[in-house]
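Using the hints provided, position chain B relative to the given structure of chain A.
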Amino acid sequence: MAETEVSKKRKRPIVRLAVLLLSHSVLVSVICCTAGVFGLLLLPVLAKNTYISENALMPGSASSMLSNQEVSEANKLIKELNNLHSNPLGATTESHGIIAKYMSNLGAQVNNHKFHPQLNQFHPLHFFSGPDSGVMQENSTRSLYGINTVGIIRAPRGDGKEAIVLVTPYNAVKGGVRETLSLGIAYSVFSLLTRVTWLAKDIIWLVADSQYGEYAPVAAWLRDYHTPAFSNLDSLNTETCHVGNNNFESKISYGIRRSGTMAAALVLGVAYGNENEDTLGIYAEASNGQMPNLDLINIVHYLAVHRQGLRVKVEQFHWLLNSKWVKSLGEVFESLGKMVKTLNPDWKLGISAADYVEGAATLASSLYHQALGVPTGPHGAFRDYQVDAITLEFSLRISFDRLDRRNDFLLHGGRLIEGVIRSVNNLLEKFHQSFFLYLLTSPSKFVSVGVYMIAFALLVAPLPVVAASLYAKTLDLNPTSEKDKSATSNELGSVLQSWKWLNSVKTVFVVHFWGATVSLLPYFISQIPDSDPTTNFSVWILLSILSLEILRWILVSPSSHIYGLPQGEWATLKSATISSFFIGLGLMSVINFATAEIGALLMVPMALMAHPLKLDVRGQSLRSILRMICNLVLGVISFPPATFFVFKGVIEGFSGINAGDFWNWVESLWAWNSATYLYIGMVHLPCWVLCVQILLHPC
Amino acid sequence: MQIEASLWNASWATDGGRMQISLSYAPFEARYRGFDVARCSVDKSSDMNQCYASHYWWNEVKKFRVKEMELSFTQGRWRYEQWGGFDPLSSNNAKPPGVELWAVFDVPQSLVDVYWRNLTHTLSGLFCASINFLESSTTYSAPELTFKPSFGNLRYGTLPREAVCTENLTPWLKLLPCRDKAGLSALMDRPSIYRGFYHSQRLRLTSSESGSDEVDSGIGLEQTLTVVLQPSSWRTGKTYSVETNIQPSWSISSIFGRNIPGKCVIAKSSNVYLHLDNGLVGELKNLERENAKYVANTFESEGFQSNHAFKISVTPDKVFEEVDYLHGKSTSVIYGFSVEKYSDSQPFDLGLTWKIPVVWSCQQAPLHASRFLMGSGNERGAIAISLESTESSEGLPTSHIIDGRCELRVDIFQVVPWYIKVYFHTLQVFVDKQPRAMADVVDKIRVSPSKDKVSPGVMEMILKLPCGSKSAAFSLEFDKGFLHIDEYPPDANQGFDIPSALISFPSFNARMNFSEDEFLNNSPILSKFQETSPVLSYTEVLLIPLTTPDFSMPYNVITITCTVFALYFGSLLNVLRRRVDEEERILRSRAGRKAGWISQLLSRLSAKLRGRPQEQPTSSLPYSFISFRLVLKILLVASIAVTWQYYFG
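Listed in order, the protein sequences are those of chains A and B. All the letters of the first sequence, read from the start, carry residue numbers 50 to 748 under my numbering. All the letters of the second sequence, read from the start, carry residue numbers 498 to 1146 under my numbering.
Derived from the structure by calculation, the hints contain no laboratory data. Treat the numbers as computed from the prediction; the structure is a model and nothing was measured. Incorrect hints may appear among the rest.
Simulated DEER-style distance windows between Cβ atoms [unchecked claim]:
| id | chain 1 | residue 1 | chain 2 | residue 2 | range |
| --- | --- | --- | --- | --- | --- |
| 1 | B | Gly874 | A | Ala521 | 43 to 51 Å |
| 2 | B | Gln720 | A | Gln118 | 42 to 50 Å |
| 3 | B | Phe1125 | A | Gly668 | 36 to 44 Å |
| 4 | A | Ala521 | B | Ala1104 | 16 to 24 Å |
| 5 | B | Ser1049 | A | Ser587 | 48 to 56 Å |
| 6 | B | Thr1060 | A | Ile80 | 22 to 30 Å |
| 7 | B | Leu1043 | A | Ala506 | 28 to 36 Å |
Only pairs whose alpha carbons sit at most 30 Å apart, straight line, appear in this in silico BS3-like list of lysine-lysine [claimed, not checked]:
| id | chain 1 | residue 1 | chain 2 | residue 2 |
| --- | --- | --- | --- | --- |
| 8 | B | Lys782 | A | Lys150 |
| 9 | A | Lys150 | B | Lys852 |
| 10 | A | Lys128 | A | Lys223 |
| 11 | A | Lys150 | B | Lys930 |
| 12 | A | Lys150 | B | Lys967 |
For glycine and all other residues, C-beta sits at the position ideal for the given N, C-alpha and C.
Excised from the complex, chain A in its bound form (with noise of 0.2 Å):
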């Protein structure tokens, strides 16, 4: 007996450590969860700035060769465009002809591209899986069509095993200097690199026809230039599409022209800016929170500063830059920095209060967008071919009508793209230096992987040991202690007693099976002909309830009071729903982390404060009645409806919020195939139900 004594004694530290750790469980998770949160909100301080990883890349060592010539042929271009808007009949397909004479009289080889716009539709079974040609395009109709206009300049020495790719969406509809603007910078650059001899990857110019939206057209050349469908079922290229009365016209193909892989992709376009300098706007962010290669944004935003002296900027959240709280937290990390300072002047942890907020507010609108998991521009069709690529948008403080600010403003985002297409093409291997997984704090300053982790860790660290002190107190609760252990009697009943978790457990899989039928539905909902958002969304949340019912009804009643025991019933269940939610958000931050951060960040204290309310209320002391309210208020805010219209409500206030604004948000994430609607159907709303479900336990 003493030496078994002994031997409990002396368990492994590691052992001892748990033991520990499940013991003080709240503990551990009100530390965790505070330091998760910390970490989040130091993450703008810990930011490092951005450095050019790839030596190769040699940004700006190359004196810029554009010279005025070049743009007074781009503003040649630009005229005669914008000339031909004035009579706006026919203007479209004269465009084409224009712009193709324009890049064959420079040497590069031409084609034009025929697509069909898609409707976004929802595929359910197309999640993650790659584009296809051909098969969408049998739904789409065939009146529709978009004509891209394809350039391609052979590198004079090289052999054609890479290509560097220019974008610039132009709506020949539309028309306008805007709209030319950003050919004229193509058009200018891509005049100079016919004539260099230090090209050694291939230049494609896109001329993307963006009558139908930015993102299409690209896609589509993409798709076509990667899956073509030789076996021509649909007779998309081969049909004369509008009689040329151009003898030139004619004599484009419609066969696409290829070049080797791609190397990486910009996509050039001008906004109309109201602000006080030139600036340059950076997209990056492409399906499910994929980023380019930072040494990228790096190259652009070093040439784009140091050279051309543009400011360069990043989304922000505009909102969070005017508010009260994160101005305070940036004045106490402020102080802090500066205390910090004073121990050791090499620790530089401060940064001042009106660089945190801005860091912040990018930081918000990086993660944001991420989470999303839809792209901010047409680069994001790049990405899925894993191809780096931005978009790059130039913005002016006044019109473009006067020429010599026009021929100013050409000559420079000439010189920045033609740095940055010499810097790619000096790369011989693809980029793959620098990061891929990091968030933005500011143009030149970035979060990587490594530290941004941290938050999401200590986020998720405290569920494992909750839902473990959970079924340790199960065990305890029931008499299966070592006591009654003796009493062989009830063997039967002891061996269910331990398996009573099983119970539980169904009832998760229940709900989360029940989460996947509710991601499904919109698909169903969407083929009712004539329905308008706000309807789709009541039907959607009326079949939702029903399906849950039934489910229930159908296979968690019959066996849920075999077992009996309902006093620990609630913390089985809540220690399995913690678990799967673990597992789930596991899983997500593999896929999309942005999204697993902020999902962690909604429903983590909601899943480890839910407590029966009407234990609470039987309670009656301080600490229940505040656990009650908190578990209110968090219940009603992670409930991802309500989530979402808080949010739009605090970004664009309260006054114009429809109840269809949630299915069109939820429409727009299923058209992009984004995750984090599985996410939110698969993994949230699973986790919310069966934490209303316990907060309502019957116990």
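Same frame as chain A, but now just chain B:
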């Protein structure tokens, strides 16, 4: 043969001017040390036997039993659409980028691989290139059907990524009789050659030892340098409007920056030819027909040289006109210039000045071949070869009618490295955008699937396409393989190359017919043009991105492995060292001693933290005692660190 020496009085030669050359000692007598003649030198008295020593390349050929061999170094790609693909010049001289080597051996089949390996090593040493990588069986293949008629003793290998530079050109030049010092090869100014769009240096060996006849037996070495240059006025003469764009005029001195100072002393003949291809001649004739006033300046009498379209600065010695017996299409013209009569004082400088803009296109191969990759992602993909008919194929003679059906024969030879795991059964054939059964189109197919790390996949196909077909496409699916970490090249992130496919059209012959002339037989290049050879074209090299490991991973792996090892050995040692009873005994003996008050306090504190009743002081004593000392130590170290940081940090 002569040896030249020169005296240098430059600062680099005279040790910064400290050791000036005193010209008062002239005349100088020069002594050569370590002088090595790269050729076999024969005195009149001694016999020729020493020339059979193994270090001469011609003996290497004998040693390696090479029957026929061709080695080419190429940079840039031949643009079939612009530079043509039908005439013998482009068909024979266009080569895939990088290194291409094939050799036919005169040995039993079992020995071919051994001889091939030796040959690659020798060539790699000779040409300062990594041809030795062709030694590995994963890089070469043995085509049987399509490449050349062979009986298993042909080996073919390519290195698409080999960078070609001057150090490959220098050994090649060394094989020339006058190197680049005299004669035609004086033109080979390295910067101007490497500035061009395309250059390909080729070396072809043929040995005919079988014949007993003394005249026939011997080795033929044929060296070809194909260069596509840009005229120096190309960049400055840029005009955007096409209407006024006259094609740039050129001269030898403006292109190469050098002239031809006469012929190499030991050369038998030294000629320059200027070839006006079919399209150009046809266009010129049309122009002449239109402008009646130029009729006097007829083509027949003056051979174009001072016509209204262009002017040649030197009067040609010979004019050859291609004779096309089959149909009265336009034919090409070759001007021959002999450089023998030129000297240093009066160098040969051929120039051509355009007077009017002429637009013409080169004759294309019957089908334009292009190859590209399909699919995305790191898992799988497909190779597609698409053949599209060019204009030239329409008017071509249909001499290849078989069984009453007009068919166009196309041979495809494709080598795929083993890490691209091609599924040959997925071969899909589309003719005129309609899917076809393989048996309808493919006449013969030979496939040798790749073996991992042993041999590449080879596909040879003989196709019979219907004559009027506008396009044909083939696609083959593949899986991308995983490589072992040490099989990755240093720049693995660039991707991996699939060598060019070779498309040949055996029913078309790239040859020129000239009217019989005595001069033709003396000129090797013209007689080469008259040889019958099938039209060949190479496709692009493809770049396939494979999954590459993060090469900083080994560091992480080392860290993890070390941790695992430490844990494993730590616990193992712990188990081995520990004696179960001994420890309890020691504990019990320690329990007898009195405990200090701090340790008691700590044990009480820890008990409170854990939320358990206070343990027996006897058992908890040793740990808390140890921990007390440990805590003291840690505190001490920490305080030292803090003070250090504060005062000196």
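Each hint tested on the structure:
1. In this structure the supplied range 43 to 51 Å holds for Gly874(B) paired with Ala521(A), their Cβ-Cβ distance being about 45 Å.
2. Evaluation of the 42 to 50 Å hint for Gln720(B) and Gln118(A) yields a pass: the beta carbon distance comes to about 43 Å.
3. Between Phe1125(B) and Gly668(A) the CB atoms are about 42 Å apart, so this pair conforms to the stated range of 36 to 44 Å.
4. Between Ala521(A) and Ala1104(B) the beta carbon distance is about 21 Å. The supplied range of 16 to 24 Å therefore holds.
5. The beta-carbon spacing between Ser1049(B) and Ser587(A), approximately 54 Å, falls within the hinted interval of 48 to 56 Å.
6. The supplied range of 22 to 30 Å is met by Thr1060(B) and Ile80(A), whose beta-carbon atoms lie about 27 Å from each other.
7. Our hint of 28 to 36 Å for Leu1043(B) and Ala506(A) holds, since their Cβ atoms are close to 32 Å apart.
8. Distance hint between Lys782(B) and Lys150(A) is fulfilled; the C-alpha atoms sit about 29 Å from each other, no more than 30 Å.
9. A hinted pair counts as satisfied when its Cα atoms are at most 30 Å apart, and Lys150(A) with Lys852(B) qualifies at roughly 26 Å.
10. At roughly 15 Å between alpha-carbon atoms, Lys128(A) and Lys223(A) fall within 30 Å of each other, so this suggested pair holds.
11. Under the criterion of a C-alpha separation no larger than 30 Å, the hint pairing Lys150(A) with Lys930(B) is consistent with the structure, at around 29 Å.
12. With a C-alpha separation of about 26 Å, the suggested pairing of Lys150(A) with Lys967(B) holds against the 30 Å cut-off.
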